[in-house]
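Same order as they appear, the protein sequences are chains U and S.
Residue 1 is where the first sequence starts when you use the working numbering, and the numbers rise one by one after that.
Residue 115 is where the second sequence starts when you use the working numbering, and the numbers rise one by one after that.
In case anyone wonders, no lab produced these hints; they're calculated from the structure.
Do not take every clue at face value.
[Said to hold, decoys possible] Straight-line distance between alpha carbons at most 25 Å, and here's what the computed SDA-like set of lysine to any residue pairs gives:
{"#": "1", "chain 1": "S", "residue 1": "Lys156", "chain 2": "U", "residue 2": "Ser27"}
{"#": "2", "chain 1": "S", "residue 1": "Lys173", "chain 2": "S", "residue 2": "Tyr145"}
{"#": "3", "chain 1": "S", "residue 1": "Lys172", "chain 2": "U", "residue 2": "Lys68"}
{"#": "4", "chain 1": "S", "residue 1": "Lys156", "chain 2": "U", "residue 2": "Val53"}
{"#": "5", "chain 1": "U", "residue 1": "Lys68", "chain 2": "U", "residue 2": "Val53"}
None of the values given here were measured: they were computed from a predicted structure.
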Amino acid sequence: DAGVIQSPRHEVTEMGQEVTLRCKPISGHNSLFWYRQTMMRGLELLIYFNNNVPIDDSGMPEDRFSAKMPNASFSTLKIQPSEPRDSAVYFCASSRDRGLVEQYFGPGTRLTVT
Amino acid sequence: ILNVEQSPQSLHVQEGDSTNFTCSFPSSNFYALHWYRWETAKSPEALFVMTLNGDEKKKGRISATLNTKEGYSYLYIKGSQPEDSATYLCAFINAGNMLTFGGGTRLMVKP
Numbered sequence: 001d002a003g004v005i006q007s008p009r010h011e012v013t014e015m016g017q018e019v020t021l022r023c024k025p026i027s028g029h030n031s032l033f034w035y036r037q038t039m040m041r042g043l044e045l046l047i048y049f050n051n052n053v054p055i056d057d058s059g060m061p062e063d064r065f066s067a068k069m070p071n072a073s074f075s076t077l078k079i080q081p082s083e084p085r086d087s088a089v090y091f092c093a094s095s096r097d098r099g100l101v102e103q104y105f106g107p108g109t110r111l112t113v114t
Numbered sequence: 115i116l117n118v119e120q121s122p123q124s125l126h127v128q129e130g131d132s133t134n135f136t137c138s139f140p141s142s143n144f145y146a147l148h149w150y151r152w153e154t155a156k157s158p159e160a161l162f163v164m165t166l167n168g169d170e171k172k173k174g175r176i177s178a179t180l181n182t183k184e185g186y187s188y189l190y191i192k193g194s195q196p197e198d199s200a201t202y203l204c205a206f207i208n209a210g211n212m213l214t215f216g217g218g219t220r221l222m223v224k225p
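Same shape as in the complex, but just chain S (with noise of 0.2 Å):
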């Protein structure tokens, strides 16, 4: 089992608020990472597939970052909106083929 961690474990922020938060996982044997985000009775909807190491993704008022030398993705928020709210999940993929996820984060963003 891989040692994938996610934080904060939830965060609570006013709309318009912008907020980031962390995944981190091994820094050896790297193959991807990527970013789900996760609404609530609905599946996990891919965000960012990343390779390779200073990676730098946006999707809107989404983006993410990778460092895959120290093992660490950042998922940056800009100007949250009520939409927002969802957990956003991290999963790590090594060379061996082990895929992990992380435990997300529950974001929650009120108007």
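If we strip away everything but chain U, and leave its shape as in the complex, we get (with noise of 0.2 Å):
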């Protein structure tokens, strides 16, 4: 298996603009995570999906964020307008249970925006 597949690796984006991440999760697997990673706050979960569901959104920090996962094997996070402060890793993850069994990480994707 090619594990959770995230695109792009790496992006660099003005203030203001649309941006858009995506996501693969593990074949197989119906619970599907996003984080944010900064210095700051560490890892934080921004929303949760369980068989293409959103369950728990309450981190996704404001209207600019939205999350969506039209089937099972894909899912996008999108920010619009982006501002500097949202510059993070953004990391995706899939598990076949929401806690019960480990998550496996994807690469993420490095956001910067200028």
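Grab the two chains, each in its own frame, and use the hints to assemble them into the complex.
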């Protein structure tokens, strides 16, 4: 298995632009998680899907952030409009269950907003 | 937001030393506790998933214990090696589906 796939690996954009991050979970996994890593706040859970349905989006910072999971093999995290404070590494992870088994993390997308 | 704390924040040990660190979490509504190892410039990798009070897990030189009644888990590394240098994260999941990572313990093992 290729593991969790994220694209792009690096994104540099200007303030105000729309940014879309993509994630392909491991086949057969029914839970998908989006995280943001910053120096100040560490690893934060943004949103979690189970069977393609958003279960907990309490970590989404504000309305500029949105996430979708149209099918079991694809999810997007969109920031519109982007701001410099959104600069961070965004990780996607998947698992076969929300908590009883481990999560597998993708390589992350390093986002820089100038 | 759930209060999940890890201590110490960082730790420097010599090769061969044994070490341990702590993850503290709410003692109510427990569902699961995960430990991850996160090397610099890589992604977190799972070490253990713990679900029952009194659980003890072991993988090579690394082991973990769980006390859900008092809300803590210990991670132990026996005979630390330079390749053990990483950040060790715990993640607490409660019965209401909330998941929170601790701030991590950064371990540096000097040869």
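Going through the hints against the structure:
1. Restraint check: the Cα-Cα separation between lysine 156 (chain S) and serine 27 (chain U) comes to about 22 Å, which is no more than 25 Å; the hinted pair holds.
2. For the proposed pair lysine 173 (chain S) and tyrosine 145 (chain S), the alpha carbon gap of about 22 Å is at most 25 Å, so the pair holds.
3. As the CA atoms of lysine 172 (chain S) and lysine 68 (chain U) are separated by approximately 37 Å, the hinted pair breaks the 25 Å bound.
4. For the proposed pair lysine 156 (chain S) and valine 53 (chain U), the alpha carbon gap of about 28 Å is over 25 Å, so the pair is violated.
5. Among the hinted pairs, lysine 68 (chain U) with valine 53 (chain U) is consistent with the structure: their alpha-carbon atoms are about 9 Å apart, no more than 25 Å.
Comparing the model with each earlier hint shows violations of hints 3 and 4; every other hint is respected.
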